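Trainee: Each chain, written out:
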Amino acid sequence: MNVTYDIIIVGAGIVGAACADELSRRGMAVAIVDREWIGGGATAAGMGHIVVMDDSEAQFALMRYSQQLWHKLRLELPDDVEYEQTGTIWVAADEEEMAEVRRKRNYYGQRGVPVEELDAQGLKHLEPHLRDALAGGLRVPDDAVLYPPCGARFLMERAQQSGAKLHLGRSVTQIGDGCVRLTDGLEMQAQYIVNAAGTSAGDLTSGLEIRKRKGHLVITDRYARFLRHQLLELGYLKSAHSVTTDSVAFNVQPRRTGQILIGSSRQYGAEHKEVDHEILARMLRRAEEYMPGLRAMSAIRCWTGFRAATRDKLPLIGPWPDDPSLWLATGHEGLGITASLGTARILADQITGAAPEIPIEPYLPSRMMLSQTLKEPANA
Amino acid sequence: MRNEIALKVNGTHIVVPPGATVAVAVALAGQVCRKSASGAPRGPLCGMGICFECRVAINGQPHCRSCQAFCEEGMDVRTNG
Amino acid sequence: MASSTPDGFDVLVVGAGPAGMAAAVRAAECGICVGIVDDNAAVGGQIWRKSAEEDVTEDAKSWADCLKARQVTVLGGMHVFDQPEPGILLAESSDNRSVLHYEKLVLATGARERFLPFPGWTLPNVIGAGGLQAMVKCRLPIRGKRVVVAGTGPLLLAVAAYLKAHGAEILKICEQASWLTLLRFATSLLTQPAKIWQGIQLSQQLGGIPFLTSSWVAAAHGDKMLEAVTITSGSETETIDCDYLACGFHLVPNIELPILLGCEISDGFVQVNDLQETNVSGVFCAGEPTGIGGVELALVEGQIAGLAAASRIAEARHLFGKREGFRRFARSLQRAFRLRPELRMLAGPETIVCRCEDVMYAQLCPYTSWRSAKLQTRCGMGPCQGRVCGAATEFLFNWSLDSARPPVFPARVESLVAVRDIKQQDPQKIS
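First to last, the protein sequences are chains A, B and C. Letter by letter, the first sequence follows residues 1 to 380 in our numbering. Letter by letter, the second sequence follows residues 1 to 81 in our numbering. Letter by letter, the third sequence follows residues 1 to 431 in our numbering.
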């Protein structure tokens with residue numbers, strides 16, 4: 001049996017769901033296929049932090065664009081998405097990190113992102129459970145938190161209302177040349193296929209390099225009003241940048257329920273989903289150092305997940321050069337929840353020939369081929 | 001051995017026999033252990049430390065299973081019911 | 001909080017009910033170092049829970065005495081929440097944490113009551129049958145209180161007798177199983193004189209209390225607390241004013257820790273060989289987690305596990321025959337108290353199923369798996385980790401539960417950090 005669509009999206013995570021929503025609202029006949037349920041992969045494992053980051057100009061542009069899209073969407077989000085504009089505070093432990101606060105303040109400020117520099121007192125006032133003797137911080141009030149699995153489900157439901165067809169519990173064996181082959185023998189055809197399969201994207205498209213970056217999270221019982229903002233240590237930037245070693249950072253999030261989500265860790269080369277006790281303990285120790293009150297809290301669950309990482313730490317959004325029918329929307333590493341909305345927009349713009357609102361070149365998959373070619377002499 | 005233990009439940013003094021759990025003290029004080037996520041009153045269900053319905057704050061520590069904790073002299077018990 | 005002290009044992013037993021006590025005693029008889037850890041402060045488990053006012057049974061007392069005589073280290077008030085690596089368990093109490101090293105492990109984690117959702121079941125004073133008994137043992141005044149006992153399983157009768165003996169007015173006992181299946185069950189006991197004797201004693205204690213079969217609770221009523229229950233036989237219903245509803249639908253084994261340790265599970269129970277050893281070498285399992293069979297079976301299985309863990313294989317083999325007899329009883333128990341399909345219809349759309357997160361029945365209906373329901377509704381995501389609603393949804397929706405992850409029981413953040421101490425300290429054997 002052959003079924004024909006304009007577009008088939010492989011992967012029903014939040015990125016696939018956002019793409020399905022955007023493309024079907026632009027009038028295309030869309031199908032989504034996933035081996036599990038909506039948002040069961042990295043979407044379920046992630047924190048759900050809607051955040052602007054500035055690792056690079058390109059990262060900033062996509063994150064800011066996406067953060068504003070979420071802000072616009074907030075009134076339509078159902079209650080269970082738990083969208084809360086908590087703001088982020090980047091916590092500076094010392095004067096060296098305060099210098100980073102000021103750099104970040106200027107960078108964000110120049111680009112129209114509201115920010116507030118906090119001194120030690122101001123920080124303590126906003127988050128009294130942080131330990132004493134921290135230097136200060138930077139508050140980004142537009143940042144928010146949400147519950148990703150329900151966010152993905154909401155986007156998918158909207159896509160379905162626009163006519164998108166959802167095929168769950170179906171494993172894909174092969175994609176390309178306008179065809180998606182499922183393990184049960186069914187073949188689906190479409191003008192375009194979008195590989196939004198997250199960490200599995202590389203298994204479906206040969207030559208596409210996606211690395212798994214493992215993370216751990218812990219959630220506590222309910223402790224109302226203990227924490228108000230998403231807090232990240234500025235040391236996070238140092239550790240998150242490190243590509244080679246395992247790293248942990250203080251990164252805590254207040255949930256609407258009063259629960260506290262404690263992160264974060266980053267590991268390459270860890271393929272098993274089991275909890276790594278060593279890194280979990282390091283992560284929690286780090287969190288305790290910043291917030292001693294976490295120590296006595298009851299942790300009710302730990303879990304792990306895998307971020308889909310690219311070599312240059314930017315997502316892959318656009319056509320795959322080797323196959324004119326194939327498009328990518330993956331490689332968001334830890335930023336897929338925020339970036340899902342921006343990703344869907346610029347992917348749909350490219351597919352439909354509309355003018356994107358931000359420059360798309362930095363995210364084009366073709367850059368991977370270019371960098372490979374350029375790297376070869378050095379490797380030889 | 002003392003034949004009664006005095007403690008406070010939500011600030012009210014109450015006396016219980018030795019061997020009484022905090023869950024029993026809460027019941028004797030005429031209180032329920034907690035309000036559920038949607039605000040409904042809840043008390044012990046399993047009575048053996050599994051269900052977490054009987055959580056109360058004991059001496060300032062929230063989320064203690066009151067069915068597993070024995071009353072002690074001078075204990076300060078707070079329900080959130 | 002006190003810092004963690006690592007304890008090292010030749011045989012460590014998790015769970016100090018009959019199976020665990022028997023395992024610990026038999027293992028300790030040959031002079032090796034044995035420890036037993038339990039969430040409850042005192043040994044005895046649920047069935048032999050000690051009451052402040054009265055003595056425990058002869059059996060319970062003699063096993064407890066043996067534990068003392070054999071110098072078994074009892075770690076009470078501690079729950080095991082993780083195994084960071086084979087041979088090491090982490091446990092915490094209200095003010096401490098422990099790193100427990102073991103050579104051989106016996107899992108005797110017991111069972112809990114199965115609860116099924118029906119309208120009003122979240123009201124205070126709707127409580128498990130065993131749960132109410134435990135509360136009374138912990139000094140809950142029950143004299144003169146009006147109690148309806150409902151659900152299924154032999155526990156209902158034992159609880160009703162206990163409560164009656166302590167002055168409760170038992171209004172009715174509602175057993176969902178039919179009279180005919182109970183009769184067949186009773187007949188199957190003819191080979192076991194001890195069981196018959198227990199039955200006769202029970203029926204004498206329960207004399208005069210209306211005992212309804214094919215009958216179950218349809219709803220609990222009350223504003224802020226239980227005021228009345230409606231019971232039904234499907235065709236006829238009756239509403240009864242009462243102070244407590246003691247309600248449980250037989251037992252569910254506590255297999256979260258065995259799953260975490262990688263033990264093979266089949267049909268919801270831990271799989272063991274003749275010597276009660278699981279597929280994980282050196283890890284034994286005894287009592288309810290291997291099949292709901294009651295205290296006699298638990299004692300024999302526990303002894304076999306304890307002997308085997310102490311490498312006393314020949315002595316363990318001597319108990320195989322005895323165990324087989326009790327296993328027949330366990331099988332007939334399982335058949336007799338099978339849940340009737342009508343119980344799947346009790347929950348209304350707005351009936352809470354997950355009590356930790358207040359997830360209603362109707363919210364769960366669109367989902368096809370435990371995992372998708374969990375992710376979308378938070379069902380099972382609260383502190384009980386799905387121990388209550390998981391068993392219910394297994395029956396209501398046929399969902400199978402997913403794997404166990406650490407912590408298998410909520411633990412303080414500082415206790416989860418304790419894993420870092422493991423490599424810094426060597427275990428000291430307690431002698």
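No lab work stands behind these hints, which were simulated from the structure alone. Bear in mind the structure is a predicted one, so any value in this text is a computation, not a measurement. Check the hints yourself; a few may be wrong.
[What the hints assert, rightly or not] Simulated crosslink set (EDC-like; lysine to aspartate or glutamate; CA at most 20 angstroms straight-line): (1) B:35 with C:350; (2) C:172 with C:236; (3) B:8 with C:85; (4) B:35 with C:236; (5) A:124 with A:94; (6) C:68 with B:4; (7) C:145 with C:264; (8) A:273 with C:85; (9) B:35 with C:85; (10) C:50 with B:76.
Trainee: Decide, hint by hint, whether the structure agrees.
Mentor: Results of checking the hints against the structure:
no.: 1; hint: B:35 with C:350; in the structure: 18 angstroms, holds
no.: 2; hint: C:172 with C:236; in the structure: 15 angstroms, holds
no.: 3; hint: B:8 with C:85; in the structure: 42 angstroms, violated
no.: 4; hint: B:35 with C:236; in the structure: 34 angstroms, violated
no.: 5; hint: A:124 with A:94; in the structure: 14 angstroms, holds
no.: 6; hint: C:68 with B:4; in the structure: 28 angstroms, violated
no.: 7; hint: C:145 with C:264; in the structure: 45 angstroms, violated
no.: 8; hint: A:273 with C:85; in the structure: 15 angstroms, holds
no.: 9; hint: B:35 with C:85; in the structure: 38 angstroms, violated
no.: 10; hint: C:50 with B:76; in the structure: 25 angstroms, violated
Going through the hint list in order, the structure does not satisfy hints 3, 4, 6, 7, 9, 10.
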